[in-house]
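S.K.: Here the protein sequences line up with chains A and B, keeping their order. Numbering-wise (my numbering), the first sequence opens with residue 1002 and increments by one. Numbering-wise (my numbering), the second sequence opens with residue 5 and increments by one.
If you're looking for bench data, these hints aren't it; they were derived computationally from the structure. Even glycine gets a Cβ: it sits at the ideal position worked out from N, Cα and C. Mixed in with the good hints, there may be bad ones.
Facing chain B, from chain A, some residues (calculated, C-beta under 8 Å) [stated by the list, open to error]:
#	residue
1	G1173
2	Q1177
3	I1551
4	Q1637
5	S1640
6	I1641
7	Q1642
8	V1645
9	Y1646
Selected chain B positions facing chain A (in silico; Cβ < 10 Å) [what the hints assert, rightly or not]:
#	residue
10	T8
11	T69
12	K104
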Amino acid sequence: MPLSYTIAVIAIPLFMFFFLGLAGVKMDKKLTGWLGVIGMLITTILAYGVALTYFFGSDQGQIADGVRKAVVVFNPDWLSFTKTLVVRMGIMLDPIAAMMLIVITTVSMMVHLYSLGYMCDHHGHAEKGFQRYYAFLALFTFSMLGLVVATNLFQIFIFFEMVGVSSYLLIGFYYQSPAAVHASKKAFIVTRLADLFFLLGIMLLSFYTGTFDFDKLVFGANGANSLEVAQSAISTAGGATFLGCSVTAWALTFIFIGGAGKSAMYPLHIWLPDAMEGPTPVSALIHAATMVVAGVFLVARLFPLYVIEQGAMEIICVVGAFTAFYAAAIACVQSDIKRALAFSTVSQIAFMMTSLAVSSADSGLIEIHGGQGLGFMASMFHLFTHAMFKALLFLCAGAIIHAVHSNENSQMHGLHKYMPITSFAFLIGCLAIAGIPPFAGFWSKDEILVACYAKGMGWGIWMSMVAGMTAFYMFRIYFLIFHWRKHEVHTEHAPSDQPWTMTLPLIILATISIVAGFVPAHDLVTWDGKELHTQLNWTVAGSSVLIACIGIGLAYKMYFKENELPDKLQARFSGLWEAAYRRFYMDELYQFITHKVIFQSICKPIAKFDRGIIDGFFNMLASVTGQAAYGIRRLQNGSIQSYVYVYLVGALALAVITMVCVLI
Amino acid sequence: MNLTLLMYLVPSLVMFGCGVYGFLTRKNMIAIMISLELMLNSVDINFVVFNRYLFPDQMDGMFFTLFAIGIAAAETALALAIIINVYRVARKVDINELTKLKF
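Build the full structure now, drawing on both the sequences and the hints.
M.R.: Okay, here's the thing in structure tokens:
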């Protein structure tokens, strides 16, 4: 399949957005849903065709000398300001973009299909706003696809904003619920704040390097990422510094902050748990699998620049490692199933970030551990597998919520008997995320841990510990939902497995979660386009499996059968438990900073200045004019003769003045 | 005795002055209108006379005068109609009492 078909992959969702958004209102709800699914199916088939052609197909210029090149399919000028300042809008395929095409379309396809069942009530009637929902899903898919194939930073920024908007629209889908409205605003404002830094970073970087285009920033002559090109791009900046750091380091840090906002890195993670107010399939698509990895993708896209600017990379590393632990700690105590999964997502994305950041570790280790390439490959591989099993977990959660009408796991318990398919699918997802071989997560997480150990023993041990926590909290959720004690049926009908439109995606994603680990990612998705020869590091793999098993065992001991142990532990460490349950008071801190500090001491004086001085000045002008007009209106007294008299006097006076002037 | 330009202009000026005086002092709207006509006619005289003495080979002033007379007739008809209507409504034509159009 020609690689230029990528244009169709992007155009179809855009068309579906306009079509469903404009014509959907007039159509039957179910019909619009099915049209959305069919449109997405075509997109998925095309995307698979393009991506598989890129990876395995006959040569279309994508492989040269054993290096997988970045292929620019389409790159017209969009805005040309000056001869050098040109913004292009194009399509570029490289290993990570092609992989993302598969990830996005797969998850989006599953979510489209799943939503046919999920967005209906128990009598099978479609919910209010069904067409709007599908239109927004198409908009999101379009934006995300446009983001990953972008050819320059500016295009990435535009699509970054567009995924932000679609996320906002879908979180606030139930716009009659105040919680959803607050959550959508929170998500939008927090990510916008981060995007401000992103924009600053883009402007700094492009000002000093003189280009937006990736092929001038990171891609070398052979079409793959190249450190030499990145080095020369950075040296174009001419060693300009600001506060002791080079401007490019600042620019890259700012760009990372933009990515951290979307990818929910500490301390910009606060919007993601609240975003769970949206419909569950949306959480699966946007807030677990695709949009939240945009930040990881961004760092991966500019990877060679980050490798050279070690300072920025160190920041990413620290932030990532801390976030992974922080989010995992919170996930251990959450009682809302979707929130627990959301924190798990934050933790896993932090794994990817850390992995990218450690991959630039001492290049002397290249021979031993695969050095620079390994972390990058592991990160992208984990992105791929995580998207699959986290989407699976969220869709399972959706099925459970749809069956029991609650997000709280205290309302669930013992569902294994009632929903066996969902239970097995969830178990597979848990095993995958916990890193048990041969499930997908084992392979990718193992590579990440190897890369971390390559950076330093401390990093490795830290991340291994977080991996153990991952296993613990995932199985805690699993046991609490499906076992613990007998289910108490509250509604008139007992919960059961959902209709096939919801079950089929679970089965497909579960299958992918089992086999995805065998994808030869180290041959396909590497930073320099060359094959990376790795082998399983048995020490790391064995210890990580052991740690995961300990985590699972602990969860089994505590949560498999109803017992007193969790309550006892909670009472024993009540302060810690409460702090973790309240997310270590980050939301309160933000509330304090925004309301008490910023609003009170900055915004209020500014508002006073605005109302008092600026508005006051103009009000004064208006009132003076008004008073004057009121004063002189008496001149118009209604007597024509007095007007004529005034006119006459004026005319005579003018005549006299003219005469005087002429005579002089 | 030759008639000079000034011999025409002086009566015209007197006529205009009478018109202005009448316009400012009369109370009856019809009298005011007559004063207005007086002013208009003095201007017409000026047009004709200036044309005759300054540009004897051209006719522009004459034509202007003819136009002005025609328009003055129309305007008088209109003014009379307005005065009659005002009288019908207000039962008076005294300008000092018709001061409704004010602030």
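S.K.: Taking the hints in turn, state whether each one holds.
M.R.: Structure-based check of each hint:
no., hint, verdict
1, G1173, "violated (55 Å)"
2, Q1177, "violated (54 Å)"
3, I1551, "violated (93 Å)"
4, Q1637, "holds (5 Å)"
5, S1640, "holds (5 Å)"
6, I1641, "holds (6 Å)"
7, Q1642, "holds (6 Å)"
8, V1645, "holds (6 Å)"
9, Y1646, "holds (6 Å)"
10, T8, "violated (22 Å)"
11, T69, "violated (22 Å)"
12, K104, "holds (6 Å)"
In the structure shown, a violation is registered for the earlier hints numbered 1, 2, 3, 10 and 11, in ascending order.
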